[in-house]
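Asks: One-letter residues, chain by chain:
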Amino acid sequence: MINKVVKNAKEALQGVEDSMTFMLGGFGLCGIPENCISELVELGTKDLTCISNNAGVDDFGLGLLLKKRQIKKMISSYVGENDEFERQMLSGELDVELIPQGTLAERCRATGAGIPAFYTPAGYGTEVAEGKETREFNGKMYVLEHAFNPEFAMVKAWKGDTSGNLIFKGTARNFNPMMAMAGKITIAEVEELVEVGELDPNQIHTPGIFVQRIFQGTNYEKRIEQKTVTPKS
Amino acid sequence: MINKVVKNAKEALQGVEDSMTFMLGGFGLCGIPENCISELVELGTKDLTCISNNAGVDDFGLGLLLKKRQIKKMISSYVGENDEFERQMLSGELDVELIPQGTLAERCRATGAGIPAFYTPAGYGTEVAEGKETREFNGKMYVLEHAFNPEFAMVKAWKGDTSGNLIFKGTARNFNPMMAMAGKITIAEVEELVEVGELDPNQIHTPGIFVQRIFQGTNYEKRIEQKTVTPKS
Amino acid sequence: MGLSKQQIAQRIAQELQHNWYVNLGIGIPTLVANYVPKNIDVEFQSENGLLGMGPFPIEGEEDADLINAGKQTVTILKGGSLFDSALSFAMIRGQHVQLTVLGAMEVAQNGDIANWKIPGKLVKGMGGAMDLVASAENIIVAMMHTNKAGESKILKSCSLPLTGVNCVKKVVTNLAVLEIKNNAFYLIERAPGVSVEEIKAATEGDLIIEGEIPEMKFE
Amino acid sequence: MGLSKQQIAQRIAQELQHNWYVNLGIGIPTLVANYVPKNIDVEFQSENGLLGMGPFPIEGEEDADLINAGKQTVTILKGGSLFDSALSFAMIRGQHVQLTVLGAMEVAQNGDIANWKIPGKLVKGMGGAMDLVASAENIIVAMMHTNKAGESKILKSCSLPLTGVNCVKKVVTNLAVLEIKNNAFYLIERAPGVSVEEIKAATEGDLIIEGEIPEMKFE
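Here the protein sequences line up with chains G, H, P and F, keeping their order. Note that this note's numbering has the first sequence beginning at 1, numbered continuously upward. Note that this note's numbering has the second sequence beginning at 1, numbered continuously upward. Note that this note's numbering has the third sequence beginning at 1, numbered continuously upward. Note that this note's numbering has the fourth sequence beginning at 1, numbered continuously upward.
Please note: incorrect hints may appear among the correct ones.
[Unchecked claim] Partial list, computed: chain G residues near chain F (C-beta under 8 angstroms):
1. G92
2. N202
3. F210
Don't read these hints as lab results, they were simulated from the structure. As the structure is a prediction and not an experimental result, all values here were calculated from the model. We put the CB at the ideal spot given by N, CA and C, even for glycine.
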């Protein structure tokens, strides 16, 4: 069985350079590749284009890269909850491309699936469709959207095996599986790295074929952005 | 929780009429909705258009519907292994549309995912692309392919719960999940019907939202088309 | 004047039908889950990859790996399922979700909705709103009838950048229930104690008033 | 004359590289799995939804729910995975499979391949072949050099309906290993005991012979 294991984030990120385009999994702070992000901060790689549904918060997630001004452009669907982001966007330091969330997810999938372009109804008649081809199918209008072309994808899984097979947990799955499909080099960091044969092949969310490098992550914070609870009664 | 349970195939197929378009899951005889097919034979519904990767064998699977001349048109990727099929096709009784297998799978998914059309490289430069729009993306040529519009989808799962959540087994998964997404009415027959809460929500292959009717199947034959074995040593 | 946010949610909950899958946006729409009629089954979809969303967890049981689209910790009910964002939006785009409830800054009488961007102000993004409004067969907007300056949000045409076109079918505000058809707002119900004249005064778009307009009923 | 089918498979197995994912078509290509060099790891993908395909099951252990694309009962190795047809072809179309080996009726010197339809004869369908050849970066065709009538299948241009255009990079036949480039077949190796003249005689397409052509080596 093909072995994809690397020692740590440092080894996983070999080949990462300034001005590259990355995909980073996660929704809010849920399911983000914490170790990869820390290592990117460490590396200080600059002028990055980051495709990620959100942009983290001031002191966590992609917010850490924003703080060090390593990101040139964010491609996201929602980028609130981040003062530094706001400052850089308003000052023009940061380029931001906002994409409907479903279109973002489907474009990631298309990238990995060899689909160069597809039609979606999202954004028709809005400024999102400006400059894009639109077309009618069965009486409804659609917008033509294209695949991305990222150098690296960085995803976070719950469990993974040495061959790169991944299982996600709860809603930490979100964008991770499609982004795993889409990277020229896909790096998976996992909470628990196991031997091949320990995961049920019928329950694997991301087959190892999509993953080039996998490592056991460390020190997961897994921050909660909005703690909402029902009081004990 | 929403309850989708119907008593049996007879109840599940209510509303099925002549000249309708169906999707039927399965690859060869693996993972086919045996109970639904038997019930269609029983009903004698005619002039059907069937979207299915294969067309069964003479005395099993869709071959049973062919034998009773209930099918007007087959939309498939591969239709060998069936003498009656061959006879009807050569005599012109049966209309056959052959589609590359990946295109078939992706068109099924597109149908369920609200994607009216997408570009794929499969079939470019061949007769499959004749009359279809072709287009260049990044120096490579692609063909525009469209979603289907089936009235019913009939799928077979291993386990399902009363809310329509499905888990498939082995390679019996194949086309079933995408077809489950695509039916205006999707019928799932399962080897084991369980209560909600018995399936791990993290391991569900087809969420219940895609399934309108579910029933516990009976008398599964699960025939093997090509028994190949390694002799005991 | 008129309904509280809770009451707007309560009124919208009356629109729920048995066996519907429903996506609730952030804000007032989220409250709708608290008022599901006892005799019907509905399931809530959260576009970050969750069907069968349950109430907030008991204090101490919150899980960072189980949140809703508002990034709040939630629970999952028996019979729920988890999936990725592509499949989640396949559900939405493919019209498998029967009802979408979301907030808005402006709604126009042709069904246009604006709820994601105010020029000159900080833009946070549309999230899943554009996919939801472009896809749902059944969209209810939950909002206040007027803005803080007292100006109507029920308009002839939207002035803000659009989220979607010709898509809103129904609006429930603190003052009224409105149906959108024939390029106009049809007044269906009044909030208790609110007069037709008050609703007229708060509505900039064309308002059609046919016959006696009943008051909303709450149990 | 030349190689047996087993030997063709054996020669193709020499092309396998460490850590490659490989899709093997029906017929000779299937046999390649028997000759994987001991020092490399490869995984076989079957387009009906299986990665890490293993050998046929021990008699009595066959499972109707575990077949390959040829509908044969197979096994799954540790580290394998199961998935649906859409994800399977996402792997193929998205070029995650490093090598496709398949049979052909005709191959042309521009890389065109025909392997699915003979006009006037029964058409069984293309299955996954069109997706595979349109997508793979690396396609090896495994076939006999000539047909039963003794006519060359290595052609200037295909006469049969095409499966894909400009896609085949390498052909391994019972007589030779050929590389396709510059709109010609480059003779790379001869089958043991087969002369360049014999290969020339059996080849209709433009055949480029540069220097001494070595014989294939088998262990």
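Asks: Run every hint past the structure and note whether it holds.
Replies: To see whether the hints hold, each was checked on the structure:
With a cut of 8 angstroms, the hint placing G92(G) at the interface with chain F is violated, because the nearest CB-to-CB distance is about 36 angstroms. For N202(G), the suggested interface contact is upheld, since its CB lies about 5 angstroms from the closest CB of chain F, less than 8 angstroms. At its closest, the beta carbon of F210(G) sits 6 angstroms from a beta carbon of chain F; the interface hint therefore holds under the 8 angstroms criterion.
In the structure shown, a violation is registered for the earlier hint numbered 1 alone.
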